Structure formats: structure tokens, C-alpha cells
Amino acid sequence: MQLEVSDLVFSYGDEDVLKGVSFCADRGERIAVLGPNGAGKSTLFRCLLGFLEPKRGSVKIAGRDVREHSRRALAAELAYIPQSYSPAFDHTVLDSVLMGLGAQLGPFDSPTRAQTDAALRILNELGIGALASRGCMRISGGERQLMLLGRALIQNAHTLVMDEPTASLDYGNSFRVMQRIEALSAGGYSVIFSTHEPNQAFRYATKVLALKDGQVLAFGLPGQVLTPELLQSLYGVPVAVTQVQAGSRVFSVCTPYAQEEN
Amino acid sequence: MKPEKTGRRCVLILLILLAAVFFLSFLLGRYRVSALQTARLLADRALAGISCGHLRLVPTWTPEEASVVIQIRLPRILSAALIGAALSAAGASYQAMFRNPMVSPDLLGASTGACFGAALAILLGASYAVITAGSFLFGLAAVGLTYLVGRLSRMRSNLAMVLAGVMVGSLFSAGTSFIKLVADTNEQLPAITYWLMGALTAVRLDDLHFAMLPILLGLIPLFFLRWRLNLLTISEAEARSMGVNTKLLRLAVIVCATLATAASVSISGMIGWVGLVIPHICRLLVGQNTRFLLPCSLLLGASFLMLVDDLARCLTTSEIPLGILTALVGAPLFLYLIVKGGARDAA
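In the order they appear, the protein sequences are chains A and B. Counting in numbering that gives the first Met the number 0, the first sequence runs from 0 upward without gaps. Counting in numbering that gives the first Met the number 0, the second sequence runs from 0 upward without gaps.
For the record, the hints were derived by calculation from the structure and aren't laboratory data. These numbers come from a predicted model, not from an experiment. Beta carbons are placed, not taken as given, at the ideal position from N, Cα and C, and that holds for glycine. You may find that some hints are simply not true.
These stretches of chain B come out as covered by chain A in the derived footprint (C-beta under 8 Å, 3 or more residues) [stated by the list, open to error]:
| no. | region |
| --- | --- |
| 1 | 92-102 |
| 2 | 225-235 |
| 3 | 242-254 |
| 4 | 287-296 |
Restraint ranges, calculated between C-beta atoms of paired labels, are given here [as the list claims (entries may be wrong)]:
| no. | chain 1 | residue 1 | chain 2 | residue 2 | range |
| --- | --- | --- | --- | --- | --- |
| 5 | B | Leu-16 | A | Arg-71 | 35 to 41 Å |
| 6 | B | Leu-11 | A | Ser-132 | 16 to 22 Å |
| 7 | A | Asp-64 | B | Asp-205 | 53 to 59 Å |
| 8 | B | Val-338 | A | Arg-71 | 40 to 46 Å |
| 9 | A | Asn-198 | B | Asn-157 | 34 to 40 Å |
| 10 | A | Lys-18 | B | Leu-212 | 52 to 58 Å |
| 11 | A | Ser-139 | B | Leu-16 | 35 to 41 Å |
| 12 | A | Ser-85 | B | Lys-246 | 20 to 26 Å |
| 13 | A | Gly-105 | B | Val-338 | 37 to 43 Å |
| 14 | A | Tyr-256 | B | Met-101 | 38 to 44 Å |
| 15 | A | Gln-231 | B | Ile-337 | 52 to 58 Å |
| 16 | A | Gln-258 | B | Val-338 | 57 to 63 Å |
| 17 | A | Ser-167 | B | Leu-151 | 33 to 39 Å |
Construct all of the structure, not just a fragment, from the sequences and the given hints.
Dropping the structure here:
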């Protein structure tokens, strides 16, 4: 098991934010974390990344507790992709990707030519090779998200932790980014992403973790777990689920609606 | 890759520029020494230095020429180069660390602390060596105090540190003002005022030896950390997830930049603008990657301050303090960069 979270409890002061969260992820899985604002998604991610010390329970990466990993060893297992990227300086896309080598390079090292070539290869694979020497403030939000994906890839970690990877993207760009993520997990990466869009969970997740008030309401296959009842109890609004045929595949989709008053 | 090539080429060109400015600076001044004679004198000095005095050139120069070049010009030009390099490299590092291109190396109070130390030493009638040492120690103490307050604060580290720096800085400025108030108006006050404006007039080889060690102790680690400084420009969470020990790296930058800045100020007095303007010019040349930005700032800063000091020496019969000149040259240059550089530098 690549990632194993068992009975995780975390609290800021007296208030428990995570109240016994358990789930696991294998290689190649894509776990969507769904939940309303304040459900504890970001706190969960911070615990996964070892930024926060849990009160109880454990997070195991590749069979070992997060706290037993050295900072560098953890970076070789987990890569983090933030929700938005707000750099202070206009580094080029290539330089930004190379920053992912932080754990592999010693304190006094600079990237080698081979590593630069590897970064360019990754950019080409992501379809943004032409932007390599462009400033990272001068590309679109979708391209920037792909760039961050590239940075995570050169880090050589097996698991990608993504905090709302498409939150600030338009419809087309979020589709393109999610397609990339799907392709990556087919290549062996485990992906854990949070999202406010249940349709993304239907469409891209192999499993769904539904969080509310720090508790797991459900964990399992999207088709089985994401019932109208669960979605309503998650978000507090009535939700209808139906099926759509797109090409040769059938997808579940959902939409919220207002209950008509009699 | 293209940007990398540009970076390397810029470093090379700036290195050549540095060598040229260094040598030409010896030829300026009221006492004329020919280029050949200067070159021989410098070669002799370098040979003696390397071989511990065993190897010397056959002297073809007069004792006056030797004294002008070695005793007067060499310490001055060397210290201008060192101080320019130190302030610019410290500025570039601080800008990366505080994620702000408008930050100068005295943000945490290094300069104001050093000025207070110098003023205090002058007030107490100390010798030149004690003034230098006092200034250096107070510079370190000011930044130490800032760091401590920043660490004790419950706010997020960077902002707390900047605020603490502003407070500590104004505390030491107030102290300096008070010393000026009570200082003897005939001798001490002019000495303090002159010192605060920054000058290399009085620098001798001994002072240079004193300041060289801390400056190099600061600059060398910064130079080797040059690529890693990039990792301080992204958010702390991201950097940590990439296996970077951000706390340690940040502390290293503060210690190194402070050593270099305080040591510089202690022999030259207040020299503003260099740490802000030079990294900015270098950004236009090589971009944001600190791997090239830092070495370029170091080299260009050294050349810049040597040139400004040449101006200070030659422009008028009485010397103009360096601090005035760097502001006179730096501020308009900076304004120009803000107006013209906008197209390239969106930050």
C-alpha cells in the first residue's frame, strides 16, 4: 500500500479538526477528497505532507510513518501541488520546474545539464515545451498548473498530493489538467486531490473520500458512494445524479437543485 | 539551454569588466603612476603575497609610487570592490528570502545598528580600529535582536521579522540621533556625520584585513548556496514538500548577509542603494534565477562601487562622501528601471 491513513486525529488547540480519518491508496489510484468548506481537507493534506503533527493515529507512506521519514526521503515519496502559485519573481518555466530538484541536490549544488534536459523532456511530454524560457507569470493558469505538475514529476515522487488542482482554471483547462493527471496515474502514480466539483470525482477518481466535520462519511468507488443522499448530507443542498453517454463511455454526473415550495 | 548560456556569458563579461575597472581605478588620482609601473607593482605585491615574501620583482618604481599604489590606492580599491560585492550579494539574497525585489540588505537593521555602534565609539573618543569593531558588533547585535523578536512573535516568521527589523532600526536610529545631540559639536559631531555619509578615505590595509574575513565568511556560503536561494522564493509549504529545510536555509542567509553587510558598513559607513539597484540591473541581464543572479550581482556590485569611488576621488578636489554619490547615481537609475523595466519585469 502506497499510502495508509489510520484513525487520524488532529486538533488545533482543543477543537478536533480531524476525528479519526482512515483510508488508503494503492499505486495508480486517484483519490478524490470531497467535502464542504471547513471539512478538514486542507488539514488532512497538511498531515499527509508531514507539516502538522497528528494527535493520534498515523499516516504511513510506503509502509513507514511520515514522521520517521527524513525531509528528503518524504520528498522522494510525496510531491505537493498547491492550489495556486503566486511566485514573487518571474522565474522561467524551466527554472520553476527545476526547483523540484530541491531534495535531490545538495545544498551547494546546481542542476546538471542532464537534469535540465530531463526537465525539458517533462515539459514536452506535458505539451508546454515551447514555454520553457517564458516567465511563469506570463503563462495562463492552466499552463501554470501543468508547470507545477512538471515540477512534481521531476521530484520523482510516487504520490502526488494536489489541493484543488483546478480551482482557478476555466472549463477547458481544468479538463486538460485532469486528463494529464489521469494519464499519470495510469503510469503508476498515486494521486490524491481535493475538489469542490463532485462531477470531477465521478469522472476521474478511482475512489472517493467524503469528509464532513473532520469525519469520513464514505470511502469507496465513486459510483457506489456518491449517492444523492450522501451528496445532500455533504453539501446541505438537494442533488440529483444521472448518467450521460459521451462517446462510448457512460459517466455519472450530478447537479444541485432548489426544492420547489408547495 | 538558452537562458543558461546567457547567464554564463553575463558572468564572464562582468568578470572581465571587474578586472578592467579594478586596474583602471589605480590609474586615477592626482599622483600619476604609469600603467606599466602600476601593473609591475601589483604583480610584485601579488607575487610576494603568494610566496610569503620570497619572490619579488626587481623594483623599477620610486618609493613614492609604491606607497601611492600599495598603501593608498590598493586598500581603497579593494575595499570598494569587496563592499560593493558584499552589499549587492546580500541584497540579492535578502530579496529572494523575503520574496520582495524592493528589499535592501539593511532590512533587518544591520546598517542602523552599525551606525549606532560607530557613533557611540566616536562619542567615547575611541580609536579608528575600535570604531570599526564597535560598528561591526552593533550591526550583528541589531540583526540578532531582530531575529530573536521575530522568532518570539507568534506571527508568521517573515512578516514578524520585517516588522521587528523596522522597529529595531528606528530604535538604533533614535540612539544615533541622541548621540549626535550630546556629541561635542566641534569634533565629534562632524566626525559622526561624515562617517554616516559613507567614505573610504580613511581605509587602510589593517582595516581591510579586519573586514575581509567576515565579508568573505558571508559571501562564500552565499555564492555556493546560489541555486538553492531560488527555493526561498516559493511558498514555505512548497519548499518544505520538496525536502528543503527552510528554517536552516533562511538562518544561513540571514547570518551570511548580516556578516557581509555589517562588516562592510563598519569600514565604509552608510552606503545605500547598492544592494537594491545592482540586483535589479542584474535581473534585467540574466533573469530571476539566483544561480546566475547572485554571481552577477556580486561582480557588478564590485565594479559599480569601484567606479563610484573613482568619481568620489576625482570629481572635485575635496572628496564627496560615497553614500551621497551612490544615492545620486542609484536613485535616478532605479527610477529609470521602474519606468522602463516594467515591460520585462512584471513583478
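Hint check results:
no. : hint                                  : verdict
1   : 92-102                                : holds (count 4)
2   : 225-235                               : holds (count 8)
3   : 242-254                               : holds (count 4)
4   : 287-296                               : holds (count 3)
5   : Leu-16(B) <-> Arg-71(A): 35 to 41 Å   : holds (39 Å)
6   : Leu-11(B) <-> Ser-132(A): 16 to 22 Å  : holds (20 Å)
7   : Asp-64(A) <-> Asp-205(B): 53 to 59 Å  : holds (57 Å)
8   : Val-338(B) <-> Arg-71(A): 40 to 46 Å  : holds (44 Å)
9   : Asn-198(A) <-> Asn-157(B): 34 to 40 Å : holds (38 Å)
10  : Lys-18(A) <-> Leu-212(B): 52 to 58 Å  : holds (57 Å)
11  : Ser-139(A) <-> Leu-16(B): 35 to 41 Å  : holds (39 Å)
12  : Ser-85(A) <-> Lys-246(B): 20 to 26 Å  : holds (21 Å)
13  : Gly-105(A) <-> Val-338(B): 37 to 43 Å : holds (41 Å)
14  : Tyr-256(A) <-> Met-101(B): 38 to 44 Å : violated (51 Å)
15  : Gln-231(A) <-> Ile-337(B): 52 to 58 Å : holds (55 Å)
16  : Gln-258(A) <-> Val-338(B): 57 to 63 Å : holds (59 Å)
17  : Ser-167(A) <-> Leu-151(B): 33 to 39 Å : holds (36 Å)
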